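Chemist: Below are the chains, spelled out letter by letter.
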Amino acid sequence: MLHATDRRESATDRRRTAAPSLTARLRGRIEGFLDSFPLLARVVIGSAGLSVLVAAAFAVLLLAMSDLRRSTSAQARSKDVSTATLELERVVNQLELNLEGYLASGSGRFLASWRQAQRSLPPAIVQVEKLVATQPLPQRQARSLANLTNAYVHEYAIQLIAIYKVSPQAARLPAATQEGLRRISSIRRELSALLTSEDRLAATSEASARHDATRAVSVGVVALVLAAMLLLAFGFFLARGVVRPVRLVAAGASRVAAGDLSTRLPEQGAAELHELTEAFNAMARSLEHGKRELEAQNEQLRQSERLKSELVSIVSHELRTPLSGILGYSSLLLKRNFDKDAARRYIEVINEQGRRLASLIEEFLDVERVESGRIELKQELFDLGALLQDEARVLGAEAPKHRFVVGIRESPLEVVGDRDRLAQVYANLLTNAVKYSPDGGRIEVDGAVVDGVVRVQVSDEGVGIPREHQARIFTKFFRAEARESGFAGTGLGLAVSREIVEAHGGRIGFTSTPGAGSQFWFELPVAT
Amino acid sequence: MGEAVASPTILICDDEPTLRELMRVSLGDGYTFAEAADVAEAIELAHEVRPDLVLLDVMMPGGTGLSVLEHLRSEPALQETPVVVISAFTADRDHLAAYDAGANGFLKKPFDPDELESLVSDLLASRN
Numbered sequence: 001m002l003h004a005t006d007r008r009e010s011a012t013d014r015r016r017t018a019a020p021s022l023t024a025r026l027r028g029r030i031e032g033f034l035d036s037f038p039l040l041a042r043v044v045i046g047s048a049g050l051s052v053l054v055a056a057a058f059a060v061l062l063l064a065m066s067d068l069r070r071s072t073s074a075q076a077r078s079k080d081v082s083t084a085t086l087e088l089e090r091v092v093n094q095l096e097l098n099l100e101g102y103l104a105s106g107s108g109r110f111l112a113s114w115r116q117a118q119r120s121l122p123p124a125i126v127q128v129e130k131l132v133a134t135q136p137l138p139q140r141q142a143r144s145l146a147n148l149t150n151a152y153v154h155e156y157a158i159q160l161i162a163i164y165k166v167s168p169q170a171a172r173l174p175a176a177t178q179e180g181l182r183r184i185s186s187i188r189r190e191l192s193a194l195l196t197s198e199d200r201l202a203a204t205s206e207a208s209a210r211h212d213a214t215r216a217v218s219v220g221v222v223a224l225v226l227a228a229m230l231l232l233a234f235g236f237f238l239a240r241g242v243v244r245p246v247r248l249v250a251a252g253a254s255r256v257a258a259g260d261l262s263t264r265l266p267e268q269g270a271a272e273l274h275e276l277t278e279a280f281n282a283m284a285r286s287l288e289h290g291k292r293e294l295e296a297q298n299e300q301l302r303q304s305e306r307l308k309s310e311l312v313s314i315v316s317h318e319l320r321t322p323l324s325g326i327l328g329y330s331s332l333l334l335k336r337n338f339d340k341d342a343a344r345r346y347i348e349v350i351n352e353q354g355r356r357l358a359s360l361i362e363e364f365l366d367v368e369r370v371e372s373g374r375i376e377l378k379q380e381l382f383d384l385g386a387l388l389q390d391e392a393r394v395l396g397a398e399a400p401k402h403r404f405v406v407g408i409r410e411s412p413l414e415v416v417g418d419r420d421r422l423a424q425v426y427a428n429l430l431t432n433a434v435k436y437s438p439d440g441g442r443i444e445v446d447g448a449v450v451d452g453v454v455r456v457q458v459s460d461e462g463v464g465i466p467r468e469h470q471a472r473i474f475t476k477f478f479r480a481e482a483r484e485s486g487f488a489g490t491g492l493g494l495a496v497s498r499e500i501v502e503a504h505g506g507r508i509g510f511t512s513t514p515g516a517g518s519q520f521w522f523e524l525p526v527a528t
Numbered sequence: 001m002g003e004a005v006a007s008p009t010i011l012i013c014d015d016e017p018t019l020r021e022l023m024r025v026s027l028g029d030g031y032t033f034a035e036a037a038d039v040a041e042a043i044e045l046a047h048e049v050r051p052d053l054v055l056l057d058v059m060m061p062g063g064t065g066l067s068v069l070e071h072l073r074s075e076p077a078l079q080e081t082p083v084v085v086i087s088a089f090t091a092d093r094d095h096l097a098a099y100d101a102g103a104n105g106f107l108k109k110p111f112d113p114d115e116l117e118s119l120v121s122d123l124l125a126s127r128n
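Heads up: the protein sequence lines correspond to chains C and A, in order.
Take 1 as the starting number for the first sequence in our numbering and just add one per residue.
Take 1 as the starting number for the second sequence in our numbering and just add one per residue.
Treat the hints as calculated values from the structure; they're not laboratory data.
All values derive from a computational prediction rather than experimental measurement.
No false leads were slipped in.
Listed next, the in silico DSSO-like pairs over lysine-lysine satisfying Cα-Cα at most 30 Å (straight line):
no. : chain 1 : residue 1 : chain 2 : residue 2
1   : C       : K476      : C       : K401
2   : C       : K130      : C       : K79
3   : C       : K476      : C       : K378
4   : C       : K308      : C       : K435
5   : C       : K476      : A       : K108
6   : C       : K308      : C       : K476
7   : C       : K435      : A       : K108
8   : C       : K476      : C       : K291
9   : A       : K108      : C       : K335
10  : C       : K476      : C       : K435
11  : C       : K308      : A       : K108
12  : C       : K401      : C       : K435
Covered stretches of chain A (in silico footprint by chain C; criterion: 3 or more residues with CB under 8 Å from a CB of chain C, positions within the stretch not fixed):
no. : region
13  : 9 to 19
14  : 22 to 32
15  : 82 to 90
If the Cβ cut is set under 8 Å, some of the chain A residues that face chain C in the computed set are:
no. : residue
16  : P61
17  : G62
18  : P110
19  : F111
20  : P113
Backbone N, C-alpha and C define an ideal beta-carbon position, used for all residues, glycine too.
The whole structure should be built from the sequences, with the hints applied where relevant.
Modeler: Okay, here's the thing in structure tokens:
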């Protein structure tokens, strides 16, 4: 529809609307591109796109959550490292205290406790080393711690215990005690450094975990909002692509149901909808066509009904006129007394009207005979010119108000055919000319050979034929407004004339100017 | 009152000469007749002879008998003249159309001469 309007726009209009229509054109192109996809494909593509987008949003959310989990596990590990370090510190303290107790008292209980602490040392070191295996700095610190504690045990404590067993005094020398303190303080420094590192790591992990948690929540919210918006967009897309066109079709169907068969839908949209609207329009067209055909048939029926009633009326009228004479005069003769001459004259009228009745019946039968092709035409060679003259003379005598002018331009005007039937055609044209020029006037007959055919034309100066009836005057029983205008007749003359002329291989026709007269003509092949 | 014996004038309008004659013969010698064969002649004669009664065919050259009737009814001098429509169109609607146009009587063709005679004398008597 829009395109049709566009085409009708003038060039100026097009120029004026060209600039702002760029976006419109772009949109039109996109819509056109979209329309080239079937609805099914659109829904599948749309759903798939939506699924991918939602999946992507959730993937981002999962990533954020795994970050959070990683941060949380790092934090937990830091706590474990701290615990393990404190355990190591406790073991080191045990070693130191029990060594001191043993050196001071020589009690075997201290030595036993020391040995127990010595046994606890390697697992405590291994535990710390294992926990810090992934962190470079704590790993280095743990290694150093392991070296320092091992050195303390093997290079100092065990040596000192051995010395104590030989000479307790020697083992208690300040130099020995100083060495122990130095080594223990190194170990304590290293322990403290490891704890600080781990505290720092734990703090970083906690901050990172908090940040990751915030991010995960944000991403989650954004993903959810995005998914909701996409769902809305998809719903809108479905509504636009499916629901709206379907509603349009439904509205169209309602209009058709209400009787407006001229309803048409724009044939656009996805392939299925295009097919639907196309089918809808085809249905509406076919309905409209059918309705028009029915109306035409109805009109034809009404017309034929009118024609039938006209026929009954005409036949009745035409038969009643001679019957009036026959019954009227015979009834008079039966009831009243007339002198012989009068009686004879009335009997003559009865006879004449009886003949007229018979010829009328003959005329009615003629139509049937001519139409069914049962008419038998004689094939005789005769001078049509002479016939034109004779008939005009006979009829002219009965029409005093009319002046007959017969012009035969070729003599003899020879044709082959049925003389009586052709005389009937000509007489029909002449009587029509007289009948339809009630005020009299000139009736001109022209007979000639024109372009290899014999052409006879009868022209009058009568009432002519109204234009709206001209197409139907050769239809049998059709009388236009003749009855209303007081022109008697059966409406059969021209119908029969046409059949006769055509049976001779000729043509019949007319030209007429309402109010100025008619020219009827017929053409026959020249005799060879 | 020698005028009273003057025979009533009947205007017969029909394009068929034999039917005009039949009407004349049916009515007999007690009337004076004027005859018209078409619409124009009928109107002209009506004005000219001022008939006491008109017998009017419906189908005539130059128009219908009903147009003559309508003309008579529109003329003050002729609107009271009794008119008998005699028609070969005999359907009810033709009947009604004739009375609507102002006919005083309606006869179907073929008509009975005696019926015509009694209708005419009745109409003339009721007028006097």
